[in-house]
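Asks: Listed below, chain by chain, are the residues.
Number of protein chains: 2
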Amino acid sequence: MLVDRLLLGPGPSNPYPEASQGLSQPLLGHLDPEFLTLLDETNDRLRTVWGTQNPRTLPLSGTGSIGMEAAFANTVRPGDVVVIAVNGLFGERMVDVAGRYGAEVVRVDHDWGRPIDVQRVLDAHPRPRLVGAVHAETSTGVRSDIGSLARAVHERDDAALVLADCVTSIAGIPVEIDEWGVDLAYAGTQKCIGVAPGLAPFTVSERAWHSRVASPPTWYLDLGLIGNYVSGTEGGARVYHHTAPTAMIASLHAGLGRILDEGLGEVYARHASAGQRLADGLRAMGLELFAAEGHRLPELTTVCVPDGVDSAKVRTQLLEEYGIEIGAGVGPYAASVWRIGLMGHNARLDRAEAVLGALAKVLGR
Amino acid sequence: MLVDRLLLGPGPSNPYPEASQGLSQPLLGHLDPEFLTLLDETNDRLRTVWGTQNPRTLPLSGTGSIGMEAAFANTVRPGDVVVIAVNGLFGERMVDVAGRYGAEVVRVDHDWGRPIDVQRVLDAHPRPRLVGAVHAETSTGVRSDIGSLARAVHERDDAALVLADCVTSIAGIPVEIDEWGVDLAYAGTQKCIGVAPGLAPFTVSERAWHSRVASPPTWYLDLGLIGNYVSGTEGGARVYHHTAPTAMIASLHAGLGRILDEGLGEVYARHASAGQRLADGLRAMGLELFAAEGHRLPELTTVCVPDGVDSAKVRTQLLEEYGIEIGAGVGPYAASVWRIGLMGHNARLDRAEAVLGALAKVLGR
Chain A
1 MLVDRLLLGP GPSNPYPEAS QGLSQPLLGH LDPEFLTLLD ETNDRLRTVW
51 GTQNPRTLPL SGTGSIGMEA AFANTVRPGD VVVIAVNGLF GERMVDVAGR
101 YGAEVVRVDH DWGRPIDVQR VLDAHPRPRL VGAVHAETST GVRSDIGSLA
151 RAVHERDDAA LVLADCVTSI AGIPVEIDEW GVDLAYAGTQ KCIGVAPGLA
201 PFTVSERAWH SRVASPPTWY LDLGLIGNYV SGTEGGARVY HHTAPTAMIA
251 SLHAGLGRIL DEGLGEVYAR HASAGQRLAD GLRAMGLELF AAEGHRLPEL
301 TTVCVPDGVD SAKVRTQLLE EYGIEIGAGV GPYAASVWRI GLMGHNARLD
351 RAEAVLGALA KVLGR
Chain B
1 MLVDRLLLGP GPSNPYPEAS QGLSQPLLGH LDPEFLTLLD ETNDRLRTVW
51 GTQNPRTLPL SGTGSIGMEA AFANTVRPGD VVVIAVNGLF GERMVDVAGR
101 YGAEVVRVDH DWGRPIDVQR VLDAHPRPRL VGAVHAETST GVRSDIGSLA
151 RAVHERDDAA LVLADCVTSI AGIPVEIDEW GVDLAYAGTQ KCIGVAPGLA
201 PFTVSERAWH SRVASPPTWY LDLGLIGNYV SGTEGGARVY HHTAPTAMIA
251 SLHAGLGRIL DEGLGEVYAR HASAGQRLAD GLRAMGLELF AAEGHRLPEL
301 TTVCVPDGVD SAKVRTQLLE EYGIEIGAGV GPYAASVWRI GLMGHNARLD
351 RAEAVLGALA KVLGR
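Going down the list, the protein sequences come from chains A and B. Mapped onto full-length UniProt numbering, the consecutive letters of the first sequence carry residue numbers 1 to 365. Mapped onto full-length UniProt numbering, the consecutive letters of the second sequence carry residue numbers 1 to 365.
Honestly, I wouldn't trust all of these hints.
Because identical chains share one entry, a pair is satisfied inside a single copy or across any pair of copies.
[As the list claims (entries may be wrong)] Derived lysine to aspartate or glutamate pairs resembling EDC-like cross-links, with alpha carbons at most 20 Å apart:
1. Lys313 with Glu234
2. Lys313 with Glu34
3. Lys361 with Asp350
4. Lys361 with Glu288
Derived by calculation from the structure, the hints in this document are not laboratory data.
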């Protein structure tokens, strides 16, 4: 018997039906002209969703975190100063990854559950090579103002690069890479894009592209080599690098097609209204939201576990009795916060009602 | 209109029907107990196909080449001597990757199309940290004797590690990691395993595991962190690392299930007989095989393009008129060799007849 869950954790979410169809289409080879056309279209669709004209926009062959790794591997040389705004797990992860590539990391810590403070990040170092921050912190459900950060960084120093983690924001809330002036950004497919996990949409500004590390320590994530396959060499020919995950890319193509057919504005509005209903319902149940008011993500709501309630037991009951997956908290909040996602195909009022109803029953409220 | 190809190049091949079914099952979360059971079973099945008891056996979240990268990233420290047997593109790639991680690489070049010479590899350096070689060279269709290499290396120096690229051999010809004494090996899913591209089955001996680099330069491929998720920590708990590509792993689980239901011996015999029929048919057509006799892979046959024939034009005609994909050659043999794969679900006599018939028509033979 196949297990069919309602995936309302921090991702993966249940894919859009179009994405599932794309995944089960006949498989194409990675050098087939039909596939290369599909890849080009996928990258065009990604550009629309990212809000960018960057020619270097593509899905990397790994899950979201591989995008973070590719960003640092291709831009940071040992000794480069990298400022990281940390307000949750994924900021922490940036610190770890940047350090492995030899960066001199200046971390700017914030309380978890709060957005980043642009001025503090700016004041942390006068001339960093790169400033990294998370747009939508998956660990806390908080949105930070990446546009203000990027503008402030570039106003001071045109050569500094700005890196944004958009894993949980892309296709759920507006992302405007070019308008904001973000140089590198990565995402995942398994959240608001509504596709299974396995790819990391990635985009690089021309400025970052031309200042990248010539031969990064990683072969698999060498953007120059990947670019020769995805966009072709200077001479125009496409050169094989690694076997692209063609089924996953066909699914991404289809999922993005669905999003653009519906319209990005409509998709954002659907996330906003589902998230609002969930937040209202949780508060009506007497529960306290974790993320700072005014900075809450509609696609991922964090809620405090009530005193005396066993967090894991509630999650298990939701899973076993209702087939609903919600997420635990992370790090210091592992047992005291739940994370409830209404992402992509699940950004719907019926999903909000389902989890609100089930949670009310389980909590006896 | 969906394009449906017969994928008879060097991979991807058309998936086993069971693998396609697995890919379209309802998606599970990466921390769902149901998924973790499926992951455990997948790793058990991989152990059987690898011929190993290694507890550290798992699918890495990327395509085959990510396995190569993980192997070097987790074992090689700057200055370590690494001997690489090069008899094709994937040996070349090992040299590139090992060098990026700071290895002092000693390469032992062989003619492309020939197997590796164990004694020459052994003589290249008296005390290397690691010796790497490709079991089945995807670029040339040649099998090398990894068992003899591994035994010889370990007889001389018990501490040296042996790394084998099994991307094109696994589940097509016998692979015996433990019997041979291989310490690290990686594969891909898109060839004889008969699953879409996107995962790299990987196995590590306990000896290699315990001598690995404590904090490798890569976060995504840090085997210690990945192991904490896949196998659990010392305390037994599984710790989140990155979001596993759950749809692809469900597909791998199903594809491996199909292979083990059929029986590994039967699967190898099926590859052998389909490959033999293809080789016989090509010779009967007056074509010359490229790989050295006695060392040819049944799952991937390399054939010389006849004088005066335009290699690319023939491939295009096969693709457009017959819907059959075959591969070009690689590097110096790009225009003078074709690569025809009968892998996984395509290791069948009907596929051999289809490509032989189509090729005869196109070549007018």
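Asks: Each hint: holds or not?
Replies: Evaluated hints:
no., hint, in the structure
1, Lys313 with Glu234, "neither (57 Å within a copy, 24 Å between copies)"
2, Lys313 with Glu34, "between (49 Å within a copy, 17 Å between copies)"
3, Lys361 with Asp350, "within (17 Å within a copy, 58 Å between copies)"
4, Lys361 with Glu288, "within (17 Å within a copy, 72 Å between copies)"
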